[in-house]
Amino acid sequence: MKDDGARLSGDDLTLAYDKRVIAQGLDVAVPDRSFTVIVGPNACGKSTTLRALARVLKPAAGTVLLDGERIGSWPAKKLARTLGLLPQSSIAPEGITVADLVARGRYPHQGLLRQWSREDERVVGEAMAATGVAELADWFVDELSGGQRQRVWIAMALAQQTPILLLDEPTTYLDIAHQIEILDLCADLHEAGRTVVAVLHDLNHAARYATHLIAMRDGRIVAEGPPGDVVTAALVEEVFGLPCQVIECPETGTPLVIPAARHRAPVG
Amino acid sequence: MPAPTPAAPPVPGVPGRRLGRSAGLVAGVLVLSLAVLLSLAVGARPLSLGDAWRGLVDPAAPAYTVVHQMRLPRTLLALLAGAALGVAGAVMQSLTRNPLADPGILGINTGAAAAVVSAISFLGVSSFAGFVWFAFAGAGAVAFLLYAVGGGRSATPTRLALAGAALNAALYSYVTAVQLLDTATLDRMRFWIVGSLASAQTPIVLRLAPFIALGLLLAFLLARPMNALAMGDDAAQALGANPARTRAAGIVVITLLCGAATAACGPIAFVGLMVPHLVRTLTGPDLRWLLPYCAVLSPVLMLVADVLGRVVARPSEVQAGVVTVLLGGPVFLYFVRKRRVVAA
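For the record, the sequence lines run as chains A and B.
With our numbering applied, the first sequence corresponds to residues 1 to 268, in that order.
With our numbering applied, the second sequence corresponds to residues 1001 to 1344, in that order.
Worth flagging that the hints you see were computed from the coordinates, not collected in a lab.
Quick reminder that beta carbons are idealized off the backbone N, C-alpha and C, glycines included.
Possibly wrong hints are sitting among the right ones.
Claimed, not checked - The calculated label-pair distances, taken between Cβ atoms and stated as ranges, are:
hint: 1; chain 1: B; residue 1: P1062; chain 2: A; residue 2: E94; range: 26 to 34 angstroms
hint: 2; chain 1: A; residue 1: D12; chain 2: B; residue 2: L1221; range: 53 to 61 angstroms
hint: 3; chain 1: A; residue 1: T172; chain 2: B; residue 2: L1180; range: 55 to 63 angstroms
hint: 4; chain 1: B; residue 1: A1209; chain 2: A; residue 2: A43; range: 49 to 57 angstroms
hint: 5; chain 1: A; residue 1: T252; chain 2: B; residue 2: L1221; range: 46 to 54 angstroms
hint: 6; chain 1: A; residue 1: G111; chain 2: B; residue 2: L1326; range: 38 to 46 angstroms
hint: 7; chain 1: B; residue 1: L1221; chain 2: A; residue 2: G146; range: 34 to 42 angstroms
hint: 8; chain 1: B; residue 1: L1326; chain 2: A; residue 2: D184; range: 56 to 64 angstroms
hint: 9; chain 1: A; residue 1: A43; chain 2: B; residue 2: A1027; range: 50 to 58 angstroms
hint: 10; chain 1: A; residue 1: A61; chain 2: B; residue 2: L1019; range: 52 to 60 angstroms
hint: 11; chain 1: B; residue 1: L1019; chain 2: A; residue 2: G111; range: 19 to 27 angstroms
hint: 12; chain 1: A; residue 1: E143; chain 2: B; residue 2: L1180; range: 47 to 55 angstroms
Produce the complete structure using the sequences and hints provided.
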């Protein structure tokens, strides 16, 4: 995918929770219309970076720019119509139905005088269709499986109708089939023209789906670019401290990380 | 997974449910009207519903004096205090994401009571106009304390519930202690404390009305941002809501509603806990429906409790606050036991 500039970028960011500094002097740019995936070991600052890009976390120093303007100066609802975030820790209110939860994504499009409209109705229907949860519309979210629930949350973010969508570990706690299902959905959303940014744990998934990969460690970006260039044995060793081989994935041709084995043969 | 189809099928159920919810609200208003008429009709001198109605609207009717002097003030008070407590409970449960949150249980009403008792006993304040401000101060102080304990990043529903319960117990002891030490005002306060509507006077009720009206209006305006906040702070911010401002406004709402209601009729517990729970089984968690339903159905509970209180111990009366708990407790337990089935 060609890089046609970055609508969303962070410049010389210092990110901290209270006094605990997570990242310093961080420059990050999300190529427009890319499927950018941020990877790195636990506590490397990848989710923190995503939260800063979404203005959920205010940087202690530095600026996040969206369309050339400081993200802090964007009106909240206008920002929420441009940039969507699926946080890691969303709570489904008890007893809420799928359709009602997805409908809450319309918040930034509504106001005191502009309550529920036909347009909202249509967009919510489309979001549920695109994520394959339309037939679950009247179900209670509590009753769904983990994979279904995650699709419902993504549907809610879609109902926000934002050209940029940030997802914080959307595949965590899902089994492998549901992980692939969610990532395929993200790839569909990307192909439909959105800029998608996701934080992922699984390096092989990242290499398979990303058009732009950002590898972080200790609050720094160690490498970034197309996964084919970024994912090398040396880099994996540097970022994760894991000796490995990198081979070509027989299915997609993308890099596939094979961790080095301490036990050559099956034990026992 | 099949390629997503961006077709736009109608959202099944949504329009139908909105219609159902509207119809339910209309039905609720009818039930409320009936409860109001009952409250005007029942008492030491029972009237037929028709006589009660004529007594309300026709100055020449024989029942005019009874209705307007005796029954109307307490009926209005039950309406206002009931709506205030029910909506305040729903707001608290939503803001704290804690189903146990209730202005009675978490000490907000007791905080208002403690301030009023202090004002009566130590400062000699004796008029409603005087102690309504103390009630606001007490309710506000406790609400803010709870917010400080329960609003921080590390706060959990458990911490909030424990802090609230501890605060409630401490304030309750204080109120009791002041009453015991000051027997002169004990009698006057006793009825006020357990939540009686009997001493209602029209001027007091009218003075109370603007506070509660303002609180209710603000609560309804907060419904959508609080809906967003119910999904977590990050999600709310991602949707363009402002969690800090929403919480602060919510505290103002709770303070206004609980302070005014407590100042007028003492700390009535349980309405704020029970009604939102029961209503949620009808409306789901959407506050745009939950709050109006609570505003309509909480007064029904208060009115029915008050009417029953007038009937069961004739010629004496049992306070509405007592009946609410006696009446509501078993119903509530039944619903709590049944809730899983309702949700499924």
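Status of each hint after checking the structure:
1. A beta carbon spacing of about 52 angstroms between P1062 (chain B) and E94 (chain A) contradicts the range 26 to 34 angstroms that was offered as a hint.
2. Roughly 40 angstroms separates the CB atoms of D12 (chain A) and L1221 (chain B), a value that falls outside the hinted 53 to 61 angstroms.
3. Here the CB-CB span from T172 (chain A) to L1180 (chain B) is close to 57 angstroms, well matched to the stated 55 to 63 angstroms.
4. Distance hint check for A1209 (chain B) and A43 (chain A): the Cβ-Cβ separation is about 55 angstroms, which falls inside the suggested range of 49 to 57 angstroms.
5. At about 51 angstroms, the beta-carbon gap between T252 (chain A) and L1221 (chain B) stays in the expected band of 46 to 54 angstroms.
6. The given range of 38 to 46 angstroms is respected by G111 (chain A) and L1326 (chain B), whose C-beta atoms sit roughly 44 angstroms from each other.
7. Between L1221 (chain B) and G146 (chain A) the beta carbon distance is about 36 angstroms. The supplied range of 34 to 42 angstroms therefore holds.
8. Distance hint check for L1326 (chain B) and D184 (chain A): the Cβ-Cβ separation is about 58 angstroms, which falls inside the suggested range of 56 to 64 angstroms.
9. Roughly 55 angstroms separates the CB atoms of A43 (chain A) and A1027 (chain B), a value that falls within the hinted 50 to 58 angstroms.
10. Between A61 (chain A) and L1019 (chain B) the C-beta distance comes to about 53 angstroms, which sits within the given range of 52 to 60 angstroms.
11. The hinted window of 19 to 27 angstroms between L1019 (chain B) and G111 (chain A) holds, with their beta carbons roughly 23 angstroms apart.
12. Remark: the range hint 47 to 55 angstroms for E143 (chain A) to L1180 (chain B) is upheld by a beta-carbon distance near 52 angstroms.
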